[in-house]
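Chemist: All chains, full assembly: derive it from the sequences and hints.
Protein chains: 2
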Amino acid sequence: MKVAGIWRRTIEREGDHVIVLDQAALPFEVTWLALRTLDDVARAIRDMHVRGAPLIGAAAAWGVALALREGHTIDHACRVLAATRPTAVNLRWALERMRGARDAEAEAQAICDEDAAGCEAIGRAGLRLMRDGINVLTHCNAGWLATVDWGTALAPIYAAHEAGMRVHVWVDETRPRNQGLLTAWELAQHGVPHTVIADNAGGHLMQQGKVDLCIVGTDRTRGNGDVANKIGTYLKALAAHDNNVPFYVAVPASSIDRSDAPFEIEERSADEMRTVAGVVAGKPARVRVTDSPVANPAFDVTPARLVTGYITETGVRTAI
Amino acid sequence: MKVAGIWRRTIEREGDHVIVLDQAALPFEVTWLALRTLDDVARAIRDMHVRGAPLIGAAAAWGVALALREGHTIDHACRVLAATRPTAVNLRWALERMRGARDAEAEAQAICDEDAAGCEAIGRAGLRLMRDGINVLTHCNAGWLATVDWGTALAPIYAAHEAGMRVHVWVDETRPRNQGLLTAWELAQHGVPHTVIADNAGGHLMQQGKVDLCIVGTDRTRGNGDVANKIGTYLKALAAHDNNVPFYVAVPASSIDRSDAPFEIEERSADEMRTVAGVVAGKPARVRVTDSPVANPAFDVTPARLVTGYITETGVRTAI
Chain A
1 MKVAGIWRRT IEREGDHVIV LDQAALPFEV TWLALRTLDD VARAIRDMHV
51 RGAPLIGAAA AWGVALALRE GHTIDHACRV LAATRPTAVN LRWALERMRG
101 ARDAEAEAQA ICDEDAAGCE AIGRAGLRLM RDGINVLTHC NAGWLATVDW
151 GTALAPIYAA HEAGMRVHVW VDETRPRNQG LLTAWELAQH GVPHTVIADN
201 AGGHLMQQGK VDLCIVGTDR TRGNGDVANK IGTYLKALAA HDNNVPFYVA
251 VPASSIDRSD APFEIEERSA DEMRTVAGVV AGKPARVRVT DSPVANPAFD
301 VTPARLVTGY ITETGVRTAI
Chain W
1 MKVAGIWRRT IEREGDHVIV LDQAALPFEV TWLALRTLDD VARAIRDMHV
51 RGAPLIGAAA AWGVALALRE GHTIDHACRV LAATRPTAVN LRWALERMRG
101 ARDAEAEAQA ICDEDAAGCE AIGRAGLRLM RDGINVLTHC NAGWLATVDW
151 GTALAPIYAA HEAGMRVHVW VDETRPRNQG LLTAWELAQH GVPHTVIADN
201 AGGHLMQQGK VDLCIVGTDR TRGNGDVANK IGTYLKALAA HDNNVPFYVA
251 VPASSIDRSD APFEIEERSA DEMRTVAGVV AGKPARVRVT DSPVANPAFD
301 VTPARLVTGY ITETGVRTAI
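Chain order of the listed sequences is A and W.
Going by our numbering, the first sequence opens with residue 1, and the numbers climb by one from there.
Going by our numbering, the second sequence opens with residue 1, and the numbers climb by one from there.
Don't take each hint at face value.
Identical chains blur together in the list; that is why a pair holds if it fits in one copy or across any two.
[As the list claims (entries may be wrong)] EDC-like, lysine to aspartate or glutamate: derived pairs with alpha carbons at most 20 Å apart:
no.	residue 1	residue 2
1	K210	E266
2	K210	E264
3	K210	E267
4	K210	D22
These aren't lab readings, by the way, just hints derived from the structure by calculation.
Modeler: Dropping the structure here:
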């Protein structure tokens, strides 16, 4: 990933701590947070300073490593970290790996390295869906900001861009937290043309023939192919199906859940609906848009029947 | 309609001018605007101080009456007013009526009275779709704020509420202009329970069985039953169809277009996407959420195959 023209990762070890790009401040401010303790990591995940299912897993792995160095037990560390975000399966997957590790820091680093390599492989695999001049619609942020590097849904877009293809991305704003603005920001860092649209607009654009391909990420994909992803994904999958637009999900192995555990849909705070982050008079601010009663389910489930295919580290498949 | 417990209309004659509830200031401030000239009315429509297809028609009628009193020709008045908003058919319908009127002020008043009576009739007709304990989802604002009184999509909800039924309304936020917050505000004025949700959430709520009925308004409905309405309506119609939730459109006669003219989809300003209205430190403010390239189509078209029925002044029908 490039930030201000410099290749970096979203999470990196630096001496006795790790640093992460603070996504709660983006796209208004580019700042890096130092995480030194278990509590630092848990708070960063819960308050979405780090977000995106694969990155949550990578951060949680470092959270365990830092916790052990603080003298916490592995059980305590895993309990605290598992409670931060309920839907992303990568979190539990990473904690399970850390439980079995002999060298926690080496394991956390391995999880990060594998995530970056896996995402790069997803990009290579998805490249065959791309062509010069293509218009791709994506929802939420499943780019390098959501992973250690390259992203999942955006990895094929970066691969195509690096290969010299012209790609234009329709970016869903993704209320209530506007992660689409993160997607726009990271695409801009790489010079990939893009247009932000309201979450309401994607169906209309598909009706107008302005979308050639949809690619989204996932927080958890079942063995049967059902996809939990950011709220609103299901609506775009319906529109893609209704307009014969191919709808693909980028799925790293760490996001696959072969258990029968029901999808747990996280209900997030009312404040996310009631306030919007932005800039007022040049300074970051949150504007209060309503005091009305609100609901804020954070994910929905797109049934496998609406998914054209899955882009994995090992190729594009029609089943998981 | 009730504002702070007092029954009023959204547009009323007051001496030599008309007053309208300023919807650009809602829900943060309740203020009434005096419109004295053609230019006042044209600006109020264009900048959405008055909005909602039926109310745009009623305001335009008064715009013609005020223009004639100023000494403008009817042709000039109609040209200026017709240019304000391209999609709502009611605007052209009202201007045609005014062209044929002998007493412009009496005709404008008649258009307002008929709109209020028509919406009340839509409410009575739609009452048969309602039942005690029902959960209704609506998109945008097609309540009394969008009409002279009662509303279109919300009229059956008010009718049910007045009849003593318990009704709960899921209110789509309706980015980019957040007209859902107007819907929440007007429902609150009447004490109708409601919950604001992100535009992304409706499909998930339908999958969960939490929506019994969808009712939306329309800016233009074709003789073949295709419905132009606020951007995002089509996505909710797809989700309703996928989950066997009845999807109804409230259609006053003035919103029916029996011509073959293509739907013209208004592209509104980038600023609507880039900024969000709200309150910062107790004062109305607009927060800038992005400087990215944006697109802002204001309407989409829901094909008749996704519409369960149409609620009109003369009853609920399966075709227009």
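Chemist: In ascending order, which of the hints set out earlier in this document are inconsistent with the structure?
Modeler: 4
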